[in-house]
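These are the residues of each chain, in order.
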Amino acid sequence: MSARWPWAELGLSGKAPLREVKRAYAARLKEIDRSDPEAFGALRGAFDAAKGRAARNDSKRPRMAELAAEKAGTRAVPREPERARAPQQDEITDEPVALAKPEPAPEPAPAPEPVAPTAPRAKRRNPPVPPKPWGVAGGALDTLLDEDPLAAEDAFWTNLRKATKIWPWDTEALERLLSLDLAQDISRRRDVERLLFRNLKENVTSPETGYQPSIALLLERQFGWAADGVGLRRRLGYEPKFELMMHGHALSLPKTERPKAGTVVDQTHRWGWYKAGVFVILWLVSLQGQRISSVEDGIIQVIALFIFVWFMRWIIRGLVIGAAWIGRITRLSRPSRALFARFFPETEKALDRNPRARDFAQFVLAAILTALIFIAG
Amino acid sequence: MSTHPPIGIDLGTTNSLIAVFEDGAARLLPNALGDVLTPSVVSLAEGEVLVGAAARDRLATHPRDTAAAFKRAMGTDTAFKLGAKTLRAEELSALVLRKLKADAEAALGTDLRDVVVSVPAYFNQSQRQATMAACAIAELNAVRLVNEPTAAALAYGLQDRGGESQFLVFDLGGGTFDVTVLEHFDGVMEVKASSGDAFLGGEDFTDALAKAMADTLGQPWAKLHRDVQDQLRFQADAAKRQLSGMEAYEGRVKVGSDHHDISVTRAMFSDAAVGLVKRLHRPIERCFYDSGEGIDALDRVILVGGATRMPMIRQMVARQFKMLPEMTIDPDHAVALGAAVQAGLVAEDRALDDVVMTDVSPFSVGIETATKLPSGQVLGGFFQPIIERNTPLPASRSRSFSSMDDNQTKLRVDVYQGEAPKVEDNVHLGQFQLDIPKAKAGMEGMTVRITYDPSGLIDVEATVQSTGKQAGIVIRENVSGLTEEQIDINLRQMATLKLHPREDEENVAFLARIRRLYEMASGDDRSMVQALLIQFEAALEGQDPDTIARLRGELGGTLDAIDDHYVS
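Protein sequences, first through last, are from chains D and X.
Positions 1 to 377 (the working numbering) are the ones given, in order, by the first sequence.
Positions 1 to 568 (the working numbering) are the ones given, in order, by the second sequence.
Please note that the accuracy of each hint is not assured.
The calculated DSBU-like cross-link candidates involving lysine-lysine, where the alpha carbons are at most 35 Å apart (straight line), are [claimed, not checked]: (1) X/Lys372 - D/Lys255; (2) D/Lys241 - X/Lys85; (3) D/Lys255 - X/Lys85; (4) D/Lys201 - X/Lys85; (5) D/Lys201 - X/Lys192.
Just a sample of chain D residues kept apart from chain X, beta carbon distances all over 10 Å, derived [as the list claims (entries may be wrong)]: (6) Ser13; (7) Tyr25; (8) Glu38; (9) Arg194; (10) Glu208; (11) Glu239; (12) Leu244; (13) Ala276; (14) Ile300; (15) Ile315; (16) Gly318.
If you want the footprint, here are the derived chain D segments under chain X, 3+ residues with CB under 8 Å [to be verified]: (17) 39-50; (18) 363-375.
Just so you know, these hints were derived from the structure itself, not from any lab.
Even glycine gets a Cβ: it sits at the ideal position worked out from N, Cα and C.
Could you put the whole structure together from the sequences, leaning on the hints where they help?
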């Protein structure tokens, strides 16, 4: 962040090893006013920059876990064969994990199981595997990973490509692939996510109308795009049309699966009683000048009125959309909205914020129109 | 040292604790029953409020007058019915806080005023505000909210001040899950990233087990009577505890007039909770991505929260991080102790001169934007983060935005908190407008600067680039979101709810326990418990404290035996 010589900010004379950078940062941090975002931000930026340079130069920092492991002559915890991982691209400091080599997996170290001595290894659950739709069955892939990681990796990607080749994707196959232990590896997951995003972008021609809910559901369950768009944007880096894709995703996702957004108190207001009241008034108005000879007549009239109001609401909805469209073309909507906002500021805000208020407004409009028709008729 | 010692409170879903920072160390304060854990359960009995163990026992005997796990409803409109009263989560929490306050004042012999209260790191603004409201209603001045995993890390960090390590706090409480990566060096406790799930905790595991138990009864959960559900939940809770040490659990429930034996094994529990354990992975993944560190960079993994006692959780952690997790401080105590340390830091306690803590923003903060499609159609409601989550605090960031239409005269700034790409899935914090001169689309613009303070203050300021005109809004989590009037109304309402007197609490708790056992027992046991009840009530009538205390001691053993028989 700080374009200046970062070490000056830390009170160092020049490039220093990580240990010293940290010590200097700790000392400076105790001096500055930590509630001042400018001062803190400057120090933080310098710290990050100096740390970055130091990390690149430093020989690897010995870690406590490694030291302990060296002492014990083995890693603290045996690696689970089914969780064996390929080397991760992100972890630059990590040495390649020996297990990734295509040689027979080593015997798990005889060190005792760490937590529950009796924990049966057999408890590992393979997802229920239906007859294999591809060369290697889902559960078998995990087993294959123990024996031949490269082949398993290969089979995984082949199957993934096969499942996404034809649009719409084979979501069942994808779901099964992505719930494999193999697919839980963080860096592999990220690659899969990127591949799916790009594939989706190619296949969806107009995200503003959305796509298959089953696909949205799969993506949400596996990667949480609607719950964590900020994270996705960070993971993907710059992607053209990113926002549009996110819009399409949110649109395609069933309402129940949308992330919980804390609370908006207003939204719980359903206007139910208001609607009932408007309906009763309408009914009383429509009674005028008409004879009701029997109870059935009354019931029939209520039902007819109900259907009529329903019908009017759809017409109004169409009219509103039409008006918005015409407004956009003629650019008339802005002044009229400004006028409305001036005279009814609260209503405008409610209509703007609250979909239920909008719904209610349409209902009232429908009711007024119905009443007018009745009176005129 | 001032007359008001620094106080930290852990307001938990299942249990609440209060701790004081004195003489350079944090110390938990016991309640009237001598326990440091006060169950976060509230019950109404004859116009009086019971909080703690007595209320928890009444959960079995008077479920309609009792409320538990209300922390999960913080920041929502959910109302809890207790007898004739209807209370909101913050009011119930305020009752728990009042109880803690009374206990701490008795233990310390001074008045309490300023406190630090811990909240799950993944609590959003409205949940934090509800917590502040609870403090206001309890007449406590919460000077700071501290994130639970950060507090726990402080408690651990104080144990070895000179140490240097990179560690992870895995905090699975009764109702929430937080995971935080921290680095500790030279007295600096630096939070690198936090993530979590505000709706996942030990209670969910209990529910999952209770449902599995219902399956063994051969009846679907939804069709069971509420009383049976409560019983099953009670049994599931007991089973959950016992399965931490043993392989199997035997219990019994009463359906109608029949008693059914139920037995659960550890494997059964694990199977029932597979889905929940899977949900734990996502926040962990997110936290590592944000911290920029790999799992291999960790030196230690610390377990916090009572739910981490479950073997399946410890196995999962050991497997995921490839190391043995630590719990050298009781996982139920760590957060409260750390909150007290934070209170000491805020009060600038001398003993903490060389300790500095930096935290991060758990959520992104940004504004709403719209985008124009090539077709000319405008799509709105996009969330544009300005301060991204896990930025070290205090932070100040700015970003520029431009007008979208020709001759646009206003720019509206809607501030949101959250991670979802669409604003409707995020939490709305505030709104303001800005006038701009008329110009071609995209020619006018504003710079929005957001400043986020560790005390929870969010300052949003927008400047029009051409005219330099400014507008802004200040959002605080540090206020309750209630006006003075509302607090007044609440206080008056609360004044009608009297806490049961402290001196008598042991007896009330004891009585509640006998009644619960009476409810559970069957046949001969039942008449025996009834005899005990009559005996104890007679002693209470006599009003001789010595006799009552002696009888409590004598009967205690019998009750333990019955409890063992029915619950385990």
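Going through the numbered hints above, which ones does this structure break? Give me the numbers in ascending order.
2, 4, 7, 8, 10, 12 and 18
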